[in-house]
Each structure stands twice: as structure tokens, then as C-alpha cells.
Amino acid sequence: MLKLPVSQMEELFASIASEQSLYLPLETNGLIAFSRWEEGKQARFDQLHCAGSVKDFFFPQTENLALFKTSGKEIHIEENRDPEEAFVVFGVRACDAGSLSILDRVFYDEPADTFYQTRRRQGLIITVACNAPEETCFCHTFGLDAADPGGDVAVWLLEDMLYWDSRTEKGHALTERLRGLFEEAGDQGEETVRKGKADIGKIIDRLPLRDLSLERFAGDGMMEKFDAPQWESLQEACLGCGTCTFVCPTCHCYDIRDFDTGHGIRRFRCWDSCMFSDFTLMAHGNPRPSRLARFRQRFMHKLAYYPENHEGLYACVGCGRCITKCPVSMNITKVIKTLGVDQHA
Amino acid sequence: MQRIIGKMREKAKELLEAGTVDAVLGWKKGDFAYDPTPAFFYSTDELDMLAYDGFCGSNLSKYLVEYGKEKGKVLVFLKPCDTYSLNQLVSEHRVDRENVYVVGVGCDGMLDVQKLRDKGIAGIEEIEEAGEDLRIHTLYGLKTCPRDEALLKKCQSCKGKEHKLFDDRIGAEESRDIANEDRFAEVAELEKMSPEERFAFWRAALSSCIRCNACREACPVCSCHTCIFDNARSGVDAKANASEFEENLFHIIRAFHVAGRCSDCGECSRVCPQAIPLHLLNRKMIKDIQSFYGAFQAGDSADQCSPLLSYSPDDIEPDAFDRWKGVM
Amino acid sequence: MPMSTESQVQANAPAKAPTNAPANAPANTLINTPGNEEKDGKAFRPLIVSFCCNWCSYAGADLAGSSRLTYPADVKIIRVPCSCRINPLFILRAFQRGADGVIVNGCHPGDCHYSTGNFYTRRRMALLFSMLDFLGIEKERTRVEWVSAAEGARFASVMREFVEQIRRLGENKKLGDIRCKE
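Residue numbers (our numbering), protein chains in the order written: chain P, 494 to 838; chain U, 11 to 338; chain G, 553 to 734.
Note that these hints are calculated values from the structure, not bench results.
Cβ coordinates follow ideal geometry from the N, Cα and C atoms, glycine included.
Errors might be hidden in some of the hints.
Unchecked claim - Here are some of the chain G residues that sit facing chain U, going by a computed Cβ distance under 10 Å:
| # | residue |
| --- | --- |
| 1 | R637 |
| 2 | P640 |
| 3 | L727 |
As the list claims (entries may be wrong) - Here are the simulated lysine to any residue pairs, SDA-like style, with alpha carbons at most 20 Å apart:
| # | chain 1 | residue 1 | chain 2 | residue 2 |
| --- | --- | --- | --- | --- |
| 4 | P | K830 | U | E135 |
| 5 | G | K691 | U | G336 |
| 6 | G | K628 | G | S709 |
| 7 | U | K83 | P | E725 |
| 8 | G | K725 | G | G650 |
| 9 | U | K153 | P | P701 |
| 10 | G | K725 | U | P205 |
| 11 | U | K79 | P | G833 |
| 12 | U | K79 | U | T236 |
| 13 | G | K691 | U | I326 |
| 14 | U | K125 | P | E520 |
| 15 | U | K23 | U | Y52 |
| 16 | P | K663 | P | P701 |
| 17 | U | K79 | P | R784 |
| 18 | G | K733 | P | E725 |
| 19 | U | K39 | P | D751 |
| 20 | P | K695 | U | H147 |
| 21 | G | K691 | U | P205 |
As the list claims (entries may be wrong) - A few chain P positions that, by computed beta-carbon distances, are all more than 12 Å from chain G:
| # | residue |
| --- | --- |
| 22 | A507 |
| 23 | D539 |
| 24 | E662 |
| 25 | L674 |
| 26 | W724 |
| 27 | D753 |
| 28 | Y798 |
The whole structure should be built from the sequences, with the hints applied where relevant.
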């Protein structure tokens with residue numbers, strides 16, 4: 494483990510940014526969001542979550558797929574991928590870092606999605622441990638540890654010191670490049686981090702969602718859950734907007750659409766939301782015509798269908814964004830509590 | 011306003027038991043101190059979960075468009091500002107007045123938990139609302155914040171304590187006085203800027219838009235059966251903004267479509283996950299309507315005609331719009 | 553069925569200067585004006601969408617044509633049954649797809665074929681133009697004119713003037729869609 498005084502973080506950022514684009518939490522338009530770092534910009538680690546999740550870097554809201562042009566009777570197809578860049582995202586929390594393994598399983602599944610694949614290859618994740626978890630956090634429910642956040646490099650900000658621990662080949666290579674900036678953390682540093690982790694653990698034990706249990710979601714009860722009468726009252730408040738899906742680090746549904754530019758067709762991919770009335774709209778109509786069906790789809794996908802297809806791995810990382818962002822405060826924890834408890838009471 | 015919850019439960023119980031209403035639309039207690047969810051209550055034993063506190067900012071009028079037809083007669087709890095929206099919906103025949111039993115509830119000004127978070131208050135476990143200061147119990151100790159500093163944007167320029175339509179009222183006289191900001195002040199500031207500055211302001215704001223449609227879905231007057239932006243045959247349907255133009259288009263069209271109907275309930279800005287000041291577009295339209303065509307407040311009564319559905323032979327010409335710019 | 557004004561314009565146009573300058577514009581108005589950058593060695597030619605109500609303005613445009621009055625071929629006319637048929641989306645989509653200026657033409661207030669249609673247009677456009685201005689879009693890019701069926705000469709002069717105004721203003725960059733430009 495290496496260390497660097499927090500007062501020298503600016504130098505660290507400058508060194509990273511000299512060869513790769515560096516994104517970290519910055520205040521932009523009244524929001525704290527991952528934005529491109531430039532000299533003089535103040536990184537904000539005081540709010541736990543950025544408005545958008547780290548998903549946005551690997552699976553952007555819109556991306557170009559192809560361009561069709563006609564000349565005479567011929568159609569030309571051009572690939573117009575957005576340009577590649579090597580980039581580093583600094584300040585990712587354990588939950589967001591955990592979301593990538595969920596997305597990987599979808600986009601790496603054969604035939605692998607080369608757009609996603611390229612970005613994953615080009616991107617490096619530097620996580621930061623959560624010294625002050627929020628009341629909305631429930632990453633522990635999914636086996637993630639806010640105190641030991643993973644990624645290519647894990648960072649702890651403790652007592653005016655930044656502790657740096659690289660975890661992957663990519664992380665080691667970056668560490669090698671930046672080696673001159675750091676000092677060895679030594680036994681004392683290891684001890685500080687150990688204590689820091691224990692302190693975080695103590696807060697996690699006090700979180701209001703610490704006892705959230707998914708026990709009854711695992712295994713066979715899928716159809717029982719699907720038919721549960723509670724969906725009716727749960728969905729009543731839902732407005733059918735896409736906020737939860739768009740701020741979610743694991744929601745990954747997309748649509749492929751064409752835009753007629755007047756002299757060609759641009760094919761692009763964009764996020765879709767199961768909450769939208771035109772989600773998976775086909776010639777015959779929508780397979781989920783009611784809001785209840787669409788609302789149920791989102792939670793069943795995360796808590797039943799995805800785990801069914803991926804060895805019991807849930808498609809939620811407990812970041813709590815849907816809790817803070819839902820306009821009507823209806824969210825996955827309320828669904829879990831209602832369906833988990835009432836069903837077998 | 012937790013102090014009136016007992017009376018609200020009693021009223022709901024009385025009307026449900028008497029069969030006057032088939033359902034009660036209110037807020038249901040959440041898991042945290044700040045997350046009550048709009049909910050229907052069908053039986054008296056569910057009413058323990060009915061909540062009314064400083065975080066009941068959501069405007070329940072919108073639910074009546076869809077559910078007002080399905081659930082029989084509905085008792086709805088409305089804050090003074092929410093009644094403007096319902097009036098507007100009644101005037102547009104989107105809600106049948108006969109099908110709704112409106113209980114106007116008093117309001118102390120609703121709170122925005124994000125404002126507390128922006129002040130660095132994290133790990134919020136419990137919020138005590140008594141008095142001028144909020145006492146916030148957090149995982150990291152007790153914090154306090156003056157209530158006025160945590161008000162929702164829409165409550166900083168309150169429309170007043172008067173319920174514009176109601177069948178009954180609870181706690182209306184007890185509503186707290188709120189220092190009232192001029193709701194057009196920000197609009198006038200923008201008007202005074204140069205077009206380049208205004209363009210930069212809106213570009214920065216609207217480029218954050220993720221097209222979640224929360225503004226549209228929460229808006230009481232955005233009640234088209236199929237929005238043009240969801241209609242595959244419209245040529246402008248989109249699930250994401252694929253260009254800067256589309257970022258502008260959605261919000262221009264939405265603001266224009268609600269012009270003359272928007273009661274300035276402020277739900278659009280409250281629900282925006284990206285903190286876009288959408289209310290400014292609506293307030294600009296309201297300010298213009300008042301300057302060009304005289305005093306008008308949508309939802310003031312169910313009988314008035316929207317200024318965009320009427321005219322006067324002496325109306326201003328379109329190129330004269332900037333005569334009132336910067337004037338508050 | 554009125555004669556196509558555009559073809560009339562084009563029939564007259566080739567005789568003019570390659571810049572297609574209006575007949576009565578002083579030759580030097582195109583030089584040294586902001587926004588009028590040369591692109592690929594060619595002077596900027598704006599694209600103007602002119603919505604014309606069927607009963608007055610379109611007939612006015614037709615009269616301009618049959619009277620052999622000229623106005624720049626940069627003006628593309630779209631006929632609508634009444635100026636109040638124009639929805640803000642029409643105007644925005646015109647800008648999206650490359651228009652540099654949009655002009656709405658209707659009957660004079662009080663003379664609407666449907667009695668009151670243009671009174672509504674007047675209110676809607678006042679509010680729409682004000683909102684576009686509020687968003688920082690140049691207010692000179694949009695205009696409403698009342699042109700009667702008898703005002704062929706006025707139609708031509710309004711078009712000449714509007715084209716010139718947009719030419720001076722330059723390309724519409726703020727409200728265009730970059731995807732339509734490539």
C-alpha cells in the first residue's frame with residue numbers, strides 16, 4: 494500500500510490527466526457529477542454519490558452505431574463509433590464499482606458488445622472508501638463492502654492522507670507510472686486503513702437498511718412473487734417516469750433508433766426504461782400494457798430474472814440513488830420490504 | 011403539520027365509514043424521515059399509515075386524472091397550492107368535480123431533503139419539525155437547520171393559504187406564514203442578461219437533462235393520453251436526447267403546451283433529478299401572459315378561460331414581446 | 553390551384569447575380585457584415601421557411617409571382633390552411649432541419665377566413681418568440697407578417713427584407729440540429 498498527503502492530490506490528478514482523461518466528482522450546474530478534471534477544479538468527495546452513476550462511462554445514454562447514406566441506388570453503411578479514449582474515473586464508490594460486474598455479464602455475453610467492451614478496456618476505475626455512508630445505503634445487502642471498495646485501484650482518504658492500493662494489472666501499471674508521487678504506507682499506514690475500515694463497518698452496522706433481507710427472493714418463489722397482490726398498491730404512486738432507471742448503475746435496457754438527417758440515417762443506441770409506455774413497443778403493441786406490468790418488470794428483473802440467469806447475483810448494488818431521486822419516494826427497498834415481509838407473514 | 015394528522019385520519023375514517031367516498035388519496039409513511047409516498051387508502055384500518063409532514067410536497071391532483079375514473083369517489087388531501095392544479099383539471103374536464111371530495115389541509119411550507127444534504131447533513135435518521143428550526147438526528151450526530159432554509163423552491167414563493175376549491179378544510183387557519191419571494195425575480199434577472207448569456211445559461215441547464223420525463227409525468231397539466239414525444243408517428247418521439255437540439259426541443263414544447271394552464275405548482279423543478287430550474291420556463295410564460303394580456307392565474311377558478319384560448323382585437327403584435335423584458 | 557411561387561422565383565432568379573441578391577438591394581450590403589462568413593468560398597445563403605395561410609398570404613405570394621416580382625429563392629413556402637394551424641413544433645422543426653429564419657404569414661387581424669384564427673396565432677407567436685428570446689435565440693430569426701391576397705408587392709418586399717435580415721444575422725447555430733448539417 495502507498496500513501497500521499499491529501500494536500501498533494503492536485504499533483505496526483507495532474508499526473509494522471511497528463512496521459513489519460515480524468516473524470517472525478519465535480520460540481521457542475523448545481524449537481525455533483527463525474528466530470529472531466531482540469532487544473533484548478535475542486536474535487537468533491539463530500540457527497541457520497543454523483544448524480545449519474547459510473548455506468549454512464551461504459552454505457553452512455555446515447556451512442557452512435559452506424560450511418561447510412563444513399564447515392565443513386567446504392568446504400569453505404571459507415572461505422573461512426575464515438576472516438577475512443579483512455580480514461581480514469583476517480584472517486585467511484587463500492588456500489589458503482591460493483592455494478593460493473595453486473596453490466597459485464599450482460600454486455601460480455603456472446604456475442605459480446607464491442608462498444609461496451611472497448612470502453613471497459615480503455616477505462617480504469619479508482620474507488621474511494623465511504624467514510625460516511627448515508628442512511629440510504631444498502632450495498633452490504635449485496636455483499637459489497639463500502640470500506641473496501643474494489644476497482645482497479647482502491648483509495649482511502651483518512652487523516653489528511655490518501656492511501657492507494659492497486660488491485661489489478663491495469664491498476665499496477667498506473668501505479669508504476671505514478672510511483673514517484675507516493676511513499677510506502679508502511680505498517681503504520683496499514684494500521685490506519687485497518688482502523689478506518691473498522692470505523693466504516695461500525696456505521697454500516699447502524700444503518701437503517703442494515704436488516705434488509707432478500708432471503709425470500711432467492712430460489713423458487715418467482716411466480717409467486719410475480720402474482721403477488723401487493724404490486725397493485727405499490728405501483729399506484731408510480732408516475733411512470735424513468736428517473737430510477739436512468740440514475741440506476743445497473744439498469745441496462747436500451748433501444749436502437751434511427752434518425753433521418755435529411756440526407757442519411759443515423760442509427761444510434763439510447764437508454765430505454767421499462768417504466769415508459771413505449772418500452773419494447775412492437776408492431777402488435779406493448780407486451781406490458783399496464784403500468785403495473787411495467788413497474789413489476791423493473792423489480793422482477795433486478796430481484797428475480799437476473800439472479801435466475803446469473804447464479805443468484807442480484808441486479809442491484811444498494812447505492813440508494815432511486816431512494817433519493819424518485820419523485821414520489823417509491824423505490825426498491827419499499828418493494829423488497831412489502832413483498833418479502835407481507836407475503837409470508 | 012403533523013399536528014393535524016389526527017383530524018385528517020378522523021375525517022377520512024368518517025367519510026369512508028359513511029360510504030361518502032370509496033377511497034382516500036393521501037400520503038403513506040415512508041421508511042425514512044422524509045419519504046412519504048402518495049397512496050390510496052381503502053379501509054379505515056389502513057389509515058394508521060396516513061402521514062402528513064413537511065415532506066408531503068408532492069401534488070396529488072395529477073393522480074385524479076387516471077384514478078378519478080377508476081376508484082369511485084375519492085377523498086383527496088390538497089395543500090392550498092395543489093387546489094389550483096385541481097381547479098385547472100376540472101376546468102379542462104380531466105377530473106370530474108363530483109367524483110372528488112377535497113379536504114384542504116393547512117401547510118407550513120414543504121421541505122426539500124436535498125437542501126439539507128447540500129448543507130453537508132448526511133445520514134439523516136429523524137427530523138423534528140417543531141418550531142422555526144429543524145432538528146435533524148443523523149448517524150453523525152444532531153444537526154439543526156432553520157426551516158426556511160430547507161423549503162422547497164416552490165414554497166419560497168408561496169401562493170398563500172387560501173384553498174381555491176374544497177369540500178372541507180383542516181388546519182387551514184394554522185398555516186405558517188412564509189417570507190414570500192417575488193416569483194418573477196429570477197426570470198427578470200435572466201431577461202436582463204444578453205442573449206448570449208441567456209443562451210449559455212440554458213445550454214448549461216438543459217444539457218443536464220436525461221429525459222427521464224419526471225417533469226412531464228409529475229406535471230398536473232401534462233395530461234395528454236399519448237404525449238407527442240412518445241408517439242412513434244410524430245417524428246419527434248425520443249427516449250433520449252441525441253442532440254443539443256432535442257435537449258431544447260422537449261422543454262420548449264412542454265413549457266409552451268402548458269402555457270396558460272400551468273398554475274406554477276413547481277412540481278417540475280421539485281422532481282427533476284438533475285436540478286434543472288424548469289420552473290423558470292413556466293414562470294416566463296406566466297409573466298409574459300400577465301404582461302401581454304392582463305392578470306391571470308391558472309387554476310384560480312374552474313370557470314375562467316385560458317389566455318391562449320381567447321384573444322382581443324387589440325393584442326400586441328408578436329414582435330413587441332420584449333417591451334416588458336426585465337420588468338418585474 | 554395557384555401557380556407555384558417557387559418555380560416563378562426560380563424562373564426569374566438565374567438572371568440575377570450568383571449570390572441571388574434581391575433586385576433592389578445595394579450591391580455592398582453583403583460585404584463586411586457580421587455572420588456573413590464565406591464558407592467554402594461561397595457567400596452564406598440563408599434558408600428561409602415561410603408559412604403562408606392559404607387564403608391571404610399564399611394568394612399574396614401567388615400574386616407576387618404572377619406579377620413577376622422577384623424575391624430570393626432562399627424562401628421556401630409552406631402552405632397552411634390558416635396561420636393558426638402553425639404549431640410551435642413546425643417552427644422548431646424548421647430550425648432543426650436547417651432553416652436560418654422562419655416567417656409566419658397570415659391574413660390581417662380581423663380578415664381571417666375563419667374569422668378569428670389569426671388572433672390566436674398572434675397570441676401564440678408572441679409567447680413563442682418571447683420564449684425563444686428567453687432561451688437566448690436571436691429574436692430576429694422569427695417574424696410574423698400579415699399579408700393579404702392583394703399585397704403581392706408587399707409579400708415580395710417582406711421576403712426580400714427578411715432574407716436580408718437573416719443573411720446579415722448569419723447561420724442558425726443555436727437552434728439547429730448538428731446531425732442534419734453534416
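Verification of the supplied hints:
| no. | hint | result |
| --- | --- | --- |
| 1 | R637 | violated (15 Å) |
| 2 | P640 | holds (5 Å) |
| 3 | L727 | holds (7 Å) |
| 4 | P/K830 <-> U/E135 | holds (18 Å) |
| 5 | G/K691 <-> U/G336 | holds (16 Å) |
| 6 | G/K628 <-> G/S709 | holds (15 Å) |
| 7 | U/K83 <-> P/E725 | holds (19 Å) |
| 8 | G/K725 <-> G/G650 | holds (9 Å) |
| 9 | U/K153 <-> P/P701 | holds (18 Å) |
| 10 | G/K725 <-> U/P205 | holds (13 Å) |
| 11 | U/K79 <-> P/G833 | violated (31 Å) |
| 12 | U/K79 <-> U/T236 | holds (18 Å) |
| 13 | G/K691 <-> U/I326 | holds (16 Å) |
| 14 | U/K125 <-> P/E520 | holds (15 Å) |
| 15 | U/K23 <-> U/Y52 | holds (10 Å) |
| 16 | P/K663 <-> P/P701 | violated (36 Å) |
| 17 | U/K79 <-> P/R784 | holds (16 Å) |
| 18 | G/K733 <-> P/E725 | violated (48 Å) |
| 19 | U/K39 <-> P/D751 | violated (44 Å) |
| 20 | P/K695 <-> U/H147 | holds (17 Å) |
| 21 | G/K691 <-> U/P205 | holds (9 Å) |
| 22 | A507 | holds (32 Å) |
| 23 | D539 | holds (33 Å) |
| 24 | E662 | holds (39 Å) |
| 25 | L674 | holds (40 Å) |
| 26 | W724 | holds (37 Å) |
| 27 | D753 | violated (9 Å) |
| 28 | Y798 | holds (35 Å) |
Going down the numbered hints, you'll see the structure goes against 1, 11, 16, 18, 19, 27, while the others check out.
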